[in-house]
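Participant: Listed below, chain by chain, are the residues.
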Amino acid sequence: MNLRVGLQRFRLILRREIMVRLSYRMTLVIAIVSAASGLFSYAFLGNGAVVSATTQTYGMSLGAFLVTGVAFSSIITNGLSMFGDYANPSQLEEVLVTPTDLRIFVLCSSFLTILVSIGTAILLFSMSVLLLGFIFSYNVPLLLAMVFLGVTSAIGLGFVGLGFQLVYKQNYFLSWLLFSFTSLVGNMIVPVQVLPGFLQTVSYVTPQYYFFTGIRVALGSNVAPANFILESFALYSAVLLSFGLLIFQRGLAFIKRNGTHRWI
Amino acid sequence: MSYKTLSPDNFPPIQIEHVSKSFVRRRQVGWSRHPAESREVLKDVSLSVNRGEIVTILGRNGSGKTTLARILSTLIIPDTGRARVCGYDVTQESKEVRKRIGVLLNSGDTGFQPRLSAYANLEYYSGLYEIPMRLARERIRTLLADFDLADRGSDQYQSYSTGMRRRLAIAKSILPDPTVLLLDEPTLGIDPWSTEHIHNLLLELARRGKTILCMTNNLSEAKSLSSRTLVLEKGLLSSSSSIHEVLAS
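As they're listed, the protein sequences go chains A and B.
My numbering puts the first residue of the first sequence at 148, with every later residue one more than the last.
My numbering puts the first residue of the second sequence at 8, with every later residue one more than the last.
Derived from the structure by calculation, the hints contain no laboratory data.
Yeah, the Cβ is synthetic: ideal placement off N, Cα and C, and Gly gets one too.
Incorrect hints may have been included.
Computed from the model, here is a short list of chain A residues facing chain B with C-beta under 7 Å [to be verified]:
1) Ser237
2) Gln238
3) Glu240
4) Glu241
5) Leu243
6) Val244
7) Thr245
8) Pro246
9) Thr247
10) Lys403
11) Gly406
Let the hints inform the model, and build the full structure from the sequences given.
Facilitator: Take a look at the structure:
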């Protein structure tokens with residue numbers, strides 16, 4: 148093969164890749180910030196104050212804190228992808244010409260995903276108790292309420308993600324916000340108490356903060372009153388769900404106006 | 008008299024009045040994006056289709072046929088003008104419209120799950136069309152037979168040929184027993200024998216009172232199917248004429 152032709156092919160393929168990636172500029176920013184976010188998460192986790200924060204605030208060891216974060220994360224982090232998968236380009240138009248409301252369609256389609264995420268949480272939590280020997284004290288009504296509110300928040304996030312996907316044809320930004328950035332500030336892995344003040348403030352905006360705090364309150368001992376976190380999360384979930392439905396409606400109106408139902 | 012006070016039967020199944028539609032398009036030149044500009048796809052289009060009539064919209068690629076079909080199927084909203092199906096406004100009363108239409112989109116794939124059988128795929132759509140289960144099963148069996156797919160009904164969709172997929176897609180559009188059938192390039196990729204068979208089925212549906220609006224760029228399809236053919240050229244719809252007049256022009 149002619150070297151010049153080979154180099155030209157390489158240049159054109161590379162150029163196309165760069166142009167495509169640059170057309171999603173936010174993705175580039177996100178990749179850099181998520182890497183930094185992971186770095187900071189582990190840096191804060193290594194802080195000596197972490198152990199006392201989990202013991203004093205939630206009445207549980209650092210191990211129990213981490214295990215509950217990982218075990219229950221499936222409930223809250225599945226929100227975005229569960230709707231996006233069902234509203235893919237080949238499905239979207241076909242569903243939109245039927246009498247079935249798209250919201251009902253994505254909810255029905257995602258029902259199994261929601262059940263699986265709850266089942267995963269139960270399985271992982273049971274394993275942490277039965278196999279790893281972690282001991283928790285149980286406030287079952289609060290735990291159930293938190294799971295319900297977690298699912299409600301995930302649905303709200305799902306509608307936000309779907310609205311974004313309809314307009315921008317991707318929801319990397321939201322995925323990043325949910326999976327990477329909030330692993331730092333969402334009280335999932337790193338206790339918010341050891342974060343700098345401004346990051347603690349940011350954590351109050353994330354649904355993960357309320358969800359994981361509520362789960363820890365329900366499973367920890369000698370901790371803060373449950374009512375405040377329950378009421379806060381209930382209010383937050385209602386607002387998030389309403390916001391999600393609003394974003395979704397805006398997204399739907401956008402594609403109906405611009406005819407951009409398809410993107411692949 | 009107000010539209011709301013009239014029965015849907017009093018309206019032409021399809022009524023389009025002065026509909027225009029523009030799309031904003033982004034241009035990418037080299038590394039940079041240029042400002043968006045607007046392109047008018049439909050220009051003051053008016054059309055009325057009667058019950059039991061098959062009307063063909065004939066036009067080149069990019070002439071606006073698909074946009075017109077997508078407006079009538081409630082997928083996109085017109086910028087100006089009104090479109091009604093059975094008296095219901097496609098923008099304001101889209102759910103009522105969707106209960107009365109069967110749609111075949113010209114988009115390559117048709118929302119079928121590749122690992123499910125044709126029967127299971129149609130059964131799934133019968134749920135979306137809110138068809139009672141017993142009636143749905145009966146209709147699916149009839150449709151699979153009508154479209155010559157009965158012996159392959161339990162095969163996975165992914166094993167179907169292009170022509171079989173298109174036939175199944177047409178069967179799906181008829182599944183809800185719609186008053187109005189909107190077909191965008193119905194016989195695209197189908198062999199001549201199957202095309203003739205499908206045309207006969209569509210003619211039979213029209214005889215039974217179904218209203219069919221068919222978008223095509225195939226002159227012979229327009230000739231064999233429709234009682235009336237209109238030409239859409241750069242967003243402008245010609246006045247109604249017979250296929251012979253179209254051919255002559």
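Participant: Closer than 7 Å between Cβ atoms is the bar; does Thr247 (chain A) clear it against chain B? Give me holds or violated.
Facilitator: Given a least distance of 4 Å, the restraint on Thr247 (chain A) holds.
Participant: Does Gly406 (chain A) pass the interface hint, meaning its C-beta sits closer than 7 Å to a C-beta of chain B?
Facilitator: Nearest chain B Cβ about 5 Å off; hint holds.
Participant: Hint Pro246 (chain A) vs chain B: min CB-CB distance below 7 Å?
Facilitator: Cβ of Pro246 (chain A) sits 5 Å from chain B, so the hint holds.
Participant: At a threshold of 7 Å, is the proposed contact between Val244 (chain A) and chain B supported by beta-carbon distances?
Facilitator: holds (4 Å)
Participant: Once the shortest beta carbon distance from Leu243 (chain A) to chain B is found, is it less than 7 Å?
Facilitator: Status holds, d = 6 Å.
Participant: Under 7 Å is the threshold here; is the Cβ of Ser237 (chain A) close enough to any Cβ of chain B for the hint to stand?
Facilitator: holds (4 Å)
Participant: Report holds or violated for the interface hint on Glu240 (chain A), using the least CB-CB distance to chain B and a cut-off of 7 Å.
Facilitator: holds (6 Å)
Participant: Under 7 Å, Cβ to Cβ, is where Gln238 (chain A) needs to be relative to chain B, so tell me if that hint holds or is violated.
Facilitator: This interface hint holds because 5 Å falls under the 7 Å limit.
Participant: With a cut-off of 7 Å on the beta carbons, see whether Thr245 (chain A) makes it to chain B.
Facilitator: holds (4 Å)
Participant: Given Lys403 (chain A) as an interface hint, is its Cβ closer than 7 Å to any Cβ of chain B?
Facilitator: holds (5 Å)
Participant: Less than 7 Å between beta-carbons is the criterion; does Glu241 (chain A) satisfy it with respect to chain B?
Facilitator: holds (3 Å)
In the structure shown, no violation is registered for any of the earlier numbered hints.
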